[in-house]
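Colleague: In the order they appear, the protein sequences are chains A and B. Residue 1 is where the first sequence starts when you use UniProt numbering, and the numbers rise one by one after that. Residue 1 is where the second sequence starts when you use UniProt numbering, and the numbers rise one by one after that.
Misleading hints may appear alongside valid ones.
Identical copies look the same in the list; a pair holds intra-copy or inter-copy alike.
[Stated by the list, open to error] Cut-off 25 Å, straight-line C-alpha distance, at most; resulting in silico cross-link-like pairs (SDA-like, lysine to any residue):
#1 Lys433 with Val325
#2 Lys89 with His117
#3 Lys444 with Val325
#4 Lys233 with Lys294
Rather than coming from a laboratory, the hints here were simulated on the basis of the structure.
There are 2 protein chains.
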Amino acid sequence: MVGSVGQASMDLREKVEPLPEEFDPKEISGPADSAPNGILGSGDGKNREIVLGRNVHKMCFAINEPEADDEVTGEREAYMASVLARYRKSLVERTKHHLGYPYNLDFDYGALNQLQHFSINNLGDPFIESNYGVHSRQFEVGVLDWFARLWELERSEYWGYITNCGTEGNLHGLLVGREVFPDGMLYASRESHYSVFKAARMYRMECIKVDTLVSGEIDCKDFRNKLVQNKGKPAIVNVNIGTTVKGAVDDLDMVIQTLEESGFRDRFYIHCDGALFGLMMPFVKRAPKVTFKKPIGSVSVSGHKFVGCPMPCGVQITRLEHIKVLSSNVEYLASRDSTIMGSRNGHAPIFLWYTLNRKGYRGFQKEVQKCLRNAHYLKDRLKAAGVGAMLNELSSTVVFERPKDEEFVRRWQLACEGNIAHIVVMPNVTIEKLDTFLNELIQKRSSWYEGGKIPSPCLAADIGDENCLCSLHQK
Amino acid sequence: MVGSVGQASMDLREKVEPLPEEFDPKEISGPADSAPNGILGSGDGKNREIVLGRNVHKMCFAINEPEADDEVTGEREAYMASVLARYRKSLVERTKHHLGYPYNLDFDYGALNQLQHFSINNLGDPFIESNYGVHSRQFEVGVLDWFARLWELERSEYWGYITNCGTEGNLHGLLVGREVFPDGMLYASRESHYSVFKAARMYRMECIKVDTLVSGEIDCKDFRNKLVQNKGKPAIVNVNIGTTVKGAVDDLDMVIQTLEESGFRDRFYIHCDGALFGLMMPFVKRAPKVTFKKPIGSVSVSGHKFVGCPMPCGVQITRLEHIKVLSSNVEYLASRDSTIMGSRNGHAPIFLWYTLNRKGYRGFQKEVQKCLRNAHYLKDRLKAAGVGAMLNELSSTVVFERPKDEEFVRRWQLACEGNIAHIVVMPNVTIEKLDTFLNELIQKRSSWYEGGKIPSPCLAADIGDENCLCSLHQK
């Protein structure tokens with residue numbers, strides 16, 4: 001019986017009709033020993049080994065074999081509807097309290113509901129037609145053109161595609177770099193996204209970690225030293241347009257200058273990881289310009305971050321000439337195999353196309369300005385309340401003292417690293433939301449530190465003396 | 001003016017208000033020279049170099065900067081609505097005529113519409129909780145449990161995640177293999193999916209192509225010879241549970257036996273690429289069983305194929321012990337970085353959970369039986385009409401003479417290779433649809449070959465003498 005939600009995850013296998021001989025579930029090792037414990041429960045009897053972080057295996061909506069009469073009674077449908085309704089409620093709640101991740105949750109794609117039930121797949125290269133007709137390449141190419149224009153690469157000279165996430169962009173950009181310089185060494189600041197180091201491992205590239213400044217930017221002095229030590233091999237460089245934790249923007253011009261001055265003229269490939277700020281930077285005054293008029297090889301940006309999209313996605317733009325290198329020697333394929341993934345989500349390009357078309361360059365510019373304004377507001381209010389905080393000039397990421405209570409961190413979905421937490425101010429983060437957060441933080445904090453009797457931690461090493469407000473650095 | 005659809009893609013930049021100084025579109029190289037030519041037109045003036053296949057850059061829905069008064073007039077909304085309505089119509093048409101790709105287009109996810117506007121992201125490892133609260137890990141783990149049970153791996157001993165597509169599954173499985181045996185050589189039959197060879201290149205693994213039988217299965221005699229020549233290094237083997245073109249299933253038991261007899265006991269890792277048939281095989285009588293009770297390391301399957309899902313996705317299951325190898329040495333991460341992608345689509349797990357829960361093992365079994373029946377019907381009718389055709393015993397992929405007319409191929413979205421085309425009979429492919437296709441093919445074919453005056457091509461090399469119906473092999 002599936003009728004009662006409380007019993008829903010009960011193991012039904014003892015009751016179901018035996019399956020035909022070629023598939024007998026009794027032969028299958030599984031959680032036969034599990035005790036039912038409510039919708040969320042599907043405990044496995046044994047303790048699963050926990051490897052770093054909190055293992056959530058026990059939090060799962062189990063899939064149970066339908067009863068033979070389920071279609072008649074409708075009980076299964078009712079059970080599933082109840083799971084989904086509860087889940088929806090939790091999503092509403094979790095979406096409301098969300099500050100730590102750079103996802104713009106402010107979008108309305110109602111007009112696209114009509115397309116949701118199609119299996120849209122942009123198999124392989126967006127510029128090569130496939131016989132699979134249910135695709136959205138027309139939208140994808142439109143989006144790519146928009147980004148190529150933003151980053152100043154001629155339509156006849158660029159290649160790109162819409163990826164599944166920022167990681168895929170980095171995997172692609174660095175692979176292109178490696179194919180252009182097979183014996184190149186990878187240089188990346190230690191505050192680069194972890195996918196950069198994952199790429200190095202996957203691709204068996206030698207990887208050199210470069211130090212960072214307190215701001216989170218790459219330290220070009222250290223970069224120069226490391227280049228000089230490895231003059232024999234070309235350099236493949238990951239440049240961060242907004243680091244994950246501090247939102248720091250590496251100085252692209254100084255990186256290029258350092259390379260050239262260290263004798264790497266024509267022997268380097270630069271990939272710009274613009275996961276978050278790749279789309280914001282063009283609209284910020286004084287920001288170093290990301291453009292293919294400079295000697296860069298590729299730029300990637302996430303689509304679900306600043307643009308906002310119900311599923312992760314990203315945009316990858318590179319030079320067409322590099323793709324020729326990547327797709328040479330592909331004797332086994334009648335087509336060009338130039339994407340990391342094969343089947344590709346065809347809905348994401350339509351979401352992006354829809355937003356870009358509605359907002360335009362000007363719309364984004366307005367939103368960027370709003371985010372920067374709100375980020376300054378947050379930083380100022382934090383510091384006024386005695387909380388150490390930092391905001392990089394070109395960034396909407398506010399870094400501050402890590403809240404002492406993990407429950408509070410989870411409630412607001414803050415991303416933390418060591419002593420610091422951050423809030424990425426996206427278009428959906430309003431002053432009202434920030435005020436609610438600030439008021440709650442200030443109140444809680446007063447109890448954590450007993451109104452100042454217990455000293456708050458020193459953050460000078462993380463955010464600099466001038467931003468730290470511990471008893472030592474407070475002026 | 002965006003009002004007229006015909007003029008919609010006209011370059012508007014000459015008319016828009018100048019953007020603020022930090023972003024001047026005039027500085028941007030772009031398609032300023034393009035001539036408007038209807039919705040689909042956004043010709044770029046220059047000829048883009050065409051590299052293999054048909055370049056579709058000219059087929060694109062351009063994104064134009066909104067007019068200043070667009071919000072007032074509503075013209076932009078109207079334009080976009082018209083593009084979407086036309087596109088929807090074309091999707092309906094293209095979905096109807098679709099036979100070549102193994103995507104089950106028969107699904108109804110209406111109940112999930114309520115979740116579409118949430119930004120659901122299952123960042124990283126499904127078993128490690130992230131602070132980002134808008135996820136669907138509970139559903140994902142439920143789906144993974146279901147598959148682990150199907151392939152007979154204890155809940156406490158498996159690890160897995162929901163991928164973006166079959167390619168990601170292969171990339172993951174082969175990466176795990178390489179990390180387990182860093183100096184291992186990759187063996188894959190030449191009819192393996194191209195992502196296997198892409199992985200070899202990405203991962204810098206030595207790759208040995210093994211011959212195939214006419215059926216498309218791996219030739220274990222050739223496999224043995226190649227193993228013996230490379231005894232010094234461990235073997236990482238890709239086993240196809242359904243090849244892309246012929247739907248051939250490699251004989252897993254014979255592959256294992258060959259490895260053991262060639263002295264590779266304990267020095268091999270097997271990844272099973274079950275993109276399509278990984279989910280069908282368990283329900284087919286006489287099929288070699290894919291199970292972790294045999295010495296295999298990982299299995300991957302696509303979620304958008306047999307299950308059906310509006311976006312590409314897949315399931316990857318491996319042994320927990322291997323993941324420990326993969327995630328060692330990850331000093332830069334506070335968490336376990338064990339997935340290929342970082343941000344992961346949280347909607348796909350819900351779609352899969354929904355279908356698995358509704359259909360259950362028994363539901364899938366019924367559908368598999370229906371597909372096999374319909375595939376036999378198709379093959380029999382083709383041969384009765386004098387068209388050379390082959391259907392592997394464990395498969396629903398019917399391979400047959402490539403239609404002579406490319407327009408016909410495109411209309412039915414057939415995948416072709418050399419002299420052959422194939423139809424993958426999925427649950428949404430009904431007898432009626434097959435009849436429509438067959439009648440059309442038979443009629444067209446009669447004109448292509450002038451009622452038999454022109455001989456049809458010999459397919460013996462592709463599908464075997466016994467399946468070829470050319471004048472030489474016809475009995």
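Colleague: Regarding Lys444 and Val325, is the shortest C-alpha distance of 25 Å or less found within a copy, between copies, in both, or in neither?
Modeller: Neither. Shortest intra-copy (56 Å) and inter-copy (41 Å) distances fail the 25 Å Cα cut-off.
Colleague: Within, between, both or neither: how does the pair Lys89, His117 come out at a Cα-Cα threshold of 25 Å?
Modeller: Both ways: Lys89 and His117 sit 23 Å apart in one copy and 13 Å across, limit 25 Å.
Colleague: If the cut is 25 Å between Cα atoms, do Lys233 and Lys294 qualify within a copy, between copies, both or neither?
Modeller: within (22 Å within a copy, 45 Å between copies)
Colleague: With identical chains treated as interchangeable, where does the CA-CA distance between Lys433 and Val325 reach 25 Å or less: within a copy, between copies, both, or neither?
Modeller: neither (49 Å within a copy, 43 Å between copies)
In summary, the numbered hints that this structure violates are 1, 3.
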